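Asker: Fit chain B to the known structure of chain A by using the hints.
Chains as they are written, first to last, in our numbering: chain A, 1 to 265; chain B, 1 to 854.
Careful, some of the hints might be misleading.
Take a look, some chain A residues computed to stay more than 10 Å from chain B by CB distance [unchecked claim]:
1. Lys36
2. Asn129
3. Asp143
4. Asn147
5. Gln172
6. Gln180
7. Ser197
8. Tyr215
The list that follows gives simulated cross-link-like pairs (lysine to aspartate or glutamate, DMTMM-like), each with its CA atoms no further than 20 Å apart [as the list claims (entries may be wrong)]:
9. Lys789/B - Asp65/A
10. Lys493/B - Asp342/B
11. Lys163/A - Asp578/B
12. Lys767/B - Asp143/A
Computed beta-carbon distance windows for the label pairs [said to hold, decoys possible]:
13. Ala160/A - Ala564/B: 45 to 53 Å
14. Ser125/B - Gly70/A: 39 to 47 Å
15. Arg98/A - Ala564/B: 51 to 59 Å
16. Ala564/B - Val97/A: 37 to 45 Å
17. Asp65/A - Ser125/B: 55 to 63 Å
18. Asp195/A - Ile32/B: 30 to 38 Å
19. Leu485/B - Ala160/A: 49 to 57 Å
20. Thr2/A - Lys211/B: 42 to 50 Å
21. Leu478/B - Ala160/A: 43 to 51 Å
22. Gln179/A - Asp463/B: 52 to 60 Å
23. Asp463/B - Ser132/A: 27 to 35 Å
24. Asn586/B - Gly185/A: 35 to 43 Å
25. Phe436/B - Ala131/A: 28 to 36 Å
26. Lys211/B - Gln179/A: 48 to 56 Å
These aren't lab readings, by the way, just hints derived from the structure by calculation.
If you're wondering where the values come from, they're calculated on a predicted model, not measured in any experiment.
Backbone N, C-alpha and C fix where the C-beta goes; we use that ideal spot for every residue, glycine too.
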Amino acid sequence: MTAMGFYTDTTVCIGCKACQVACKEWNQLPATNGGKATLTGNSYDNTVRLSGENWRHVRFIEQFDSQHNGRWLMMSDVCKHCSQAGCLEVCPTGAIVRTEFETVVIQQDVCNGCRDCIAACPFGVIDINPASNTAQKCTLCYDRISNGLAPACAQACPTASIKFGSIDSLRQMANARVQQLQAQGEKRAYLYGADESMLGGLNSFYLLVDKPEVYGLPSNPQLPSRNLVGGSLFTALAGIGVGLAALFSFRNRGAHKEAQEVADA
Amino acid sequence: MGRGACTTFASDMANADWVMIEGSNMAECHPIAFRWVMQAKLNGAKLIHVDPRFTRTSAMADIHAPLRSGSDIAFLGGLINYVIQNERYFKDYVVNYTNAPLIVSDDFKDTEELEGIFSGLIDNSDPAQPKAYNTASWGFKRTGSPPNAAPATSGPPYDDLIKSLVPAPANRDNTLQDPRCVFQIVKRHYARYTPEMVERVTGVPRDLFLKIAQTIADNSGPERTGVIAYAVGWTQHTYGPQMISTAALLQLLLGNIGRPGGGVMALRGHATIQGSTDVPTLYHSIHGYMNHPDTRKSHATLKDFITTEAGAVATAYWSNYPKFIVSYMKSMYGKNATKDNDFGYDWHPKITGDLSHMPMFVRMADGQVKGLMAMGQNPAVGGQNARLQRKALAKLEWLVVKDNFLTETAAFWYNSPEVKNGELKPADIQTEVFFFPSAQVAEGEGSFTNTQRLVQWHERAIDPPGDARTDTWWTVNLGNRLKKLYADSNDPKDAGIKSLLWDFMPDKPPSNTKIADEPDVLKILKEINGYETDTGKLLAGFAALRDDGGTTCASWIYSGVYPAEDQNRAANRKPDPDFKPGTHLNWGYSWPANRRIMYNRASAKPDGTPWSERKKYMFWNADKKAWDGPDVIDFAATKPPDDKAKPGGTGFDAMDGTGAFIMRPNGLAMLYVPTGFVDGPLPTHYEPLESPVHNALYPKQDNSPVAKYWKRDDNQLAPIGDPRYPHVLTTYRLTEHHLSGVMSRWLPWLAELQPELFTEISPELAKQIGVNNTDMVKISTPRGAIVAKALVTARLRPMTIDGKTVHHVGLPWHFGYQGVVTGAVTNDLTALVGDPNVSIHEGKAFVCNVEKAS
Chain A
1 MTAMGFYTDT
11 TVCIGCKACQ
21 VACKEWNQLP
31 ATNGGKATLT
41 GNSYDNTVRL
51 SGENWRHVRF
61 IEQFDSQHNG
71 RWLMMSDVCK
81 HCSQAGCLEV
91 CPTGAIVRTE
101 FETVVIQQDV
111 CNGCRDCIAA
121 CPFGVIDINP
131 ASNTAQKCTL
141 CYDRISNGLA
151 PACAQACPTA
161 SIKFGSIDSL
171 RQMANARVQQ
181 LQAQGEKRAY
191 LYGADESMLG
201 GLNSFYLLVD
211 KPEVYGLPSN
221 PQLPSRNLVG
231 GSLFTALAGI
241 GVGLAALFSF
251 RNRGAHKEAQ
261 EVADA
Chain B
1 MGRGACTTFA
11 SDMANADWVM
21 IEGSNMAECH
31 PIAFRWVMQA
41 KLNGAKLIHV
51 DPRFTRTSAM
61 ADIHAPLRSG
71 SDIAFLGGLI
81 NYVIQNERYF
91 KDYVVNYTNA
101 PLIVSDDFKD
111 TEELEGIFSG
121 LIDNSDPAQP
131 KAYNTASWGF
141 KRTGSPPNAA
151 PATSGPPYDD
161 LIKSLVPAPA
171 NRDNTLQDPR
181 CVFQIVKRHY
191 ARYTPEMVER
201 VTGVPRDLFL
211 KIAQTIADNS
221 GPERTGVIAY
231 AVGWTQHTYG
241 PQMISTAALL
251 QLLLGNIGRP
261 GGGVMALRGH
271 ATIQGSTDVP
281 TLYHSIHGYM
291 NHPDTRKSHA
301 TLKDFITTEA
311 GAVATAYWSN
321 YPKFIVSYMK
331 SMYGKNATKD
341 NDFGYDWHPK
351 ITGDLSHMPM
361 FVRMADGQVK
371 GLMAMGQNPA
381 VGGQNARLQR
391 KALAKLEWLV
401 VKDNFLTETA
411 AFWYNSPEVK
421 NGELKPADIQ
431 TEVFFFPSAQ
441 VAEGEGSFTN
451 TQRLVQWHER
461 AIDPPGDART
471 DTWWTVNLGN
481 RLKKLYADSN
491 DPKDAGIKSL
501 LWDFMPDKPP
511 SNTKIADEPD
521 VLKILKEING
531 YETDTGKLLA
541 GFAALRDDGG
551 TTCASWIYSG
561 VYPAEDQNRA
571 ANRKPDPDFK
581 PGTHLNWGYS
591 WPANRRIMYN
601 RASAKPDGTP
611 WSERKKYMFW
621 NADKKAWDGP
631 DVIDFAATKP
641 PDDKAKPGGT
651 GFDAMDGTGA
661 FIMRPNGLAM
671 LYVPTGFVDG
681 PLPTHYEPLE
691 SPVHNALYPK
701 QDNSPVAKYW
711 KRDDNQLAPI
721 GDPRYPHVLT
731 TYRLTEHHLS
741 GVMSRWLPWL
751 AELQPELFTE
761 ISPELAKQIG
771 VNNTDMVKIS
781 TPRGAIVAKA
791 LVTARLRPMT
801 IDGKTVHHVG
811 LPWHFGYQGV
821 VTGAVTNDLT
831 ALVGDPNVSI
841 HEGKAFVCNV
851 EKAS
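Chain A extracted, bound-state conformation (with noise of 0.2 Å):
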């Protein structure tokens, strides 16, 4: 099957959050405290980082210099789909998988909250959402593209910035995009995670007018294997100590205290 992902323009990105509503009513996902929250003071942002409860998060940067000249960037975040995807790798129960799409989606009912994947996402996606104790992410809305839908977010962006299709007709748009954009003199535009350097390719990749780091992206994201001494058979040997530690888990799941002795243990 065709690899399916999002191209995230962010120069066209207007900041209306829409993508994070559509996110949280199709998905079902709750408002943090029931909607009272405090205001950051960043930006217009208010819920500020990807988590459990929001797979989708727009970021705010105002870069104005002492005259007031400068821009106002805006980007909407969200789980990169990875090619080589570090939660994939560390997942002990097998909860998360590859789809059909190329995607990558945790299955919530494999799920048993240990959080390795937390630790092991280089873009510090995933989160535990408290109303399932499980570790939730984007899920490029597998149970919309399977019937044919585009994602929420993607349907709902005004502007066209979030685009979802397949990622080789992605890619071609947004190499068309920087050439346009380097052809009015934004100089600055590029793509990141765009090409197989980075973790084999971004199934969700962007294109930014500044360095990585001011939109809270790292310039080099790694896996965590890559961490990891030994070989092939330190990486089975772990597994099968990681399958264990799991099960132990899987028994326990729902009874949120005990899980949480295990995920300390």
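Answerer: What follows is chain B alone, placed relative to chain A:
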């Protein structure tokens, strides 16, 4: 230009070569329509945003010009001056399609001669009473005598009456050189709006101003077009209509009206606001932009009404006024409206004065109003000087709130700041408060008319829960009960409601809802569209209307939306294929006559051929002997471009084949507006009623002499330059919330996105008052004080106005004391001041102080 509506449609903005957004934060408040602006930008258009704050719209713009709130006419006047002085106006367009060549009466005196006022100001001896203009001197010079005799009969038919109202033709100079012609008067009027003056008054640096002026001039003309978009950032001022008029004047000079990628894009404040003025909830207008019968005008009989209202427009399409008004009266009183009783004209309510929102609440505060029905309205938060309005609610005998949630208005008697601080005690409040839960949009059937005049039908998806009911149910059933109460009355004053046609209940139990007494909305649509009174046959359009009682039609401009029982054109859902032709005539129904761009005769040259291949739209097809193109022509469909007006003719007969602005006398767009405005025929910069500076353009005239102000102890204004209130206060909306918050603050998904009230201030101002980001600050005006968190951002900047540093303090007005997230009511700071034409309130320019909250 002649109709109370947006001249174009949102997706046509993609065809623009420049887009100037001013008085609007389009990306935040109209994000869906903004996709077309982004499309234009992707196609290479220049996007200009003129706004006090750097907003999410500015973030997308090629040029952001920081302009002091309330100085828009000075800025636009500067552009007009630039276009004229540098001869960048579109001469062929201006000479043929506007009133630029007409000679103005010798009696007229401009602000240039009278130091900031126009001729005709009646200086009322009572300083408490507002001044007013006698507009008689503003007319055109006419050397001949009226061509037609007085009518032999009073009508119907009213043709002779309308003919008798045709004035002698205005004198004219097509060279535009006569010093008394409109063009020269406009030129002199704006000569003082130099780039230097623009900088001094608005704070926009002259180089930036000139860059904008060049951009729009370079990208207008036969080959290129541009569009100006505005929203309530223009309307909500004491001179809001004049701001829009300035934009129209500029766009006419540039030849950008009626053409693809051109126009003035009026962005409405919320859903079906356009619809609510078309089929109005306005006090001063009846359906289809006809004025409300008024005891202060010569409106004693239907003939008087027609004479008064159609008098100035007999040579425009409004010559059909008798057909519109008689058909309207038939829709009100049905069979009871006859030729013999002036079609029930005496039964129709007459207004006696300004009955708009603000004076209504002033009277309420004085105990002169018994009851209020607030449906989808939350004056406790959304009303100007909201504290005054909440206290006024406590003077009512009864209050009905029909809304989604227990709004601040519904809860004023137990949860308002006045109750919390002891000013009001629930036990003392005698107001009986009723709350009715409202059905949501998806729970009812009906139509929305959006910002581009597009009527779109929506089906009922699901029944409302419990006792929640649609507004239609509420209004129709209330009418039914009222009619029952009056059924046996013999009091002559009750004849009107007894005669009222009110037949909207379903003939058989509805199949698509469990609510048996849900009205049949198609019956309402039928009244709006109109039908033959004897056969009940639906009308194909307003061309079929009659002035003899043979047709009934509530709102003539909507006629054609429902031309046959099986054809509800508002429900049409067939888009054009990608980019061809792009007018989407089979999607919804765009009044008038399903036109997408109004005045589109002007998209062709006077000879009927396109101005350019690139901007080809409507054109004269000589083979078909008719107008042709992708839209519905806004002209007589078969009137050739070289046709000449008939002497003494009315309507289309009074227009040449070049009369593209058919709603205006002789089909000429008005650069200069002799009738219609009460505050001047040419837009003029005045300071807001509260301002940090005096009027640099007209030093002897700070404010509009006729602006409305309700002077009371609880509605005081700061004098100009008051050191206690040194900053400009402006209020606005955020993407994340809607209006007073009833549709967003109760919804956790939206509430968490902007969970608290904040005030945006610049780092410079924050430093000056010793405040850090997210500190609590107190904002005060002569009306009151509120607290909010400071959001310190370089997106706000100090401006230099007339040599003085001026700070803006920005406040969203979405918060109140009910809902999931709450906050202070920003409108406690605003004042009851209004525009003299339509009584729109000021919402954007006041003065305030801000300090660290203790």
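Asker: Indicate, hint by hint, whether the structure satisfies it.
Answerer: Here is what the structure says about each hint:
Consistency note on Lys36/A: stated as away from chain B, yet its beta-carbon is not over 10 Å from all of that chain's, at 6 Å minimum. At the 10 Å boundary, the C-beta of Asn129/A stays outside the reach of chain B, the nearest C-beta of that chain being 15 Å off. Listed as outside the interface, Asp143/A is consistent with that label: its C-beta sits roughly 19 Å from the nearest C-beta of chain B, beyond the 10 Å cut-off. Under the 10 Å C-beta cut-off, the non-interface status given to Asn147/A relative to chain B holds; the minimum distance is some 20 Å.
With a cut of 10 Å on Cβ distances, Gln172/A stays outside the contact zone with chain B, its closest approach being about 16 Å. Its closest Cβ contact with chain B, about 8 Å, brings Gln180/A to no more than 10 Å, contrary to its assignment away from the interface. Every beta carbon of chain B lies more than 10 Å from that of Ser197/A, the smallest distance being close to 28 Å; the non-interface claim holds. Against chain B, the non-interface label of Tyr215/A holds: every CB pair exceeds 10 Å, the least being about 15 Å.
Between the alpha carbons of Lys789/B and Asp65/A the distance comes to roughly 23 Å, so the proposed pair goes past 20 Å and is violated. Restraint check for Lys493/B and Asp342/B: satisfied, since their Cα atoms lie roughly 17 Å apart, inside the 20 Å limit. This hinted pair checks out: Lys163/A and Asp578/B have alpha carbons roughly 18 Å apart, not beyond 20 Å. This hinted pair does not check out: Lys767/B and Asp143/A have alpha carbons roughly 51 Å apart, beyond 20 Å.
For Ala160/A and Ala564/B, the hinted distance range of 45 to 53 Å is not satisfied, since their beta carbons lie about 38 Å from each other. As the Cβ distance of Ser125/B to Gly70/A is approximately 55 Å, the hint placing it in 39 to 47 Å is violated. Here the CB-CB span from Arg98/A to Ala564/B is close to 56 Å, well matched to the stated 51 to 59 Å. Roughly 56 Å separates the CB atoms of Ala564/B and Val97/A, a value that falls outside the hinted 37 to 45 Å.
The hint said 55 to 63 Å for the Cβ distance between Asp65/A and Ser125/B, and at roughly 56 Å that hint holds. Here the CB-CB span from Asp195/A to Ile32/B is close to 33 Å, well matched to the stated 30 to 38 Å. The supplied range of 49 to 57 Å is met by Leu485/B and Ala160/A, whose beta-carbon atoms lie about 55 Å from each other. The hinted window of 42 to 50 Å between Thr2/A and Lys211/B holds, with their beta carbons roughly 47 Å apart.
The given range of 43 to 51 Å is respected by Leu478/B and Ala160/A, whose C-beta atoms sit roughly 45 Å from each other. A hinted range of 52 to 60 Å for the beta carbons of Gln179/A and Asp463/B is consistent with their spacing of about 53 Å. Range check, Asp463/B to Ser132/A: Cβ separation about 32 Å, and the 27 to 35 Å hint holds. In this structure, Asn586/B and Gly185/A meet the distance hint of 35 to 43 Å, their C-beta atoms being roughly 41 Å apart.
Between Phe436/B and Ala131/A, the C-beta spacing of about 34 Å keeps the proposed range 28 to 36 Å intact. Range check, Lys211/B to Gln179/A: Cβ separation about 27 Å, and the 48 to 56 Å hint is violated.
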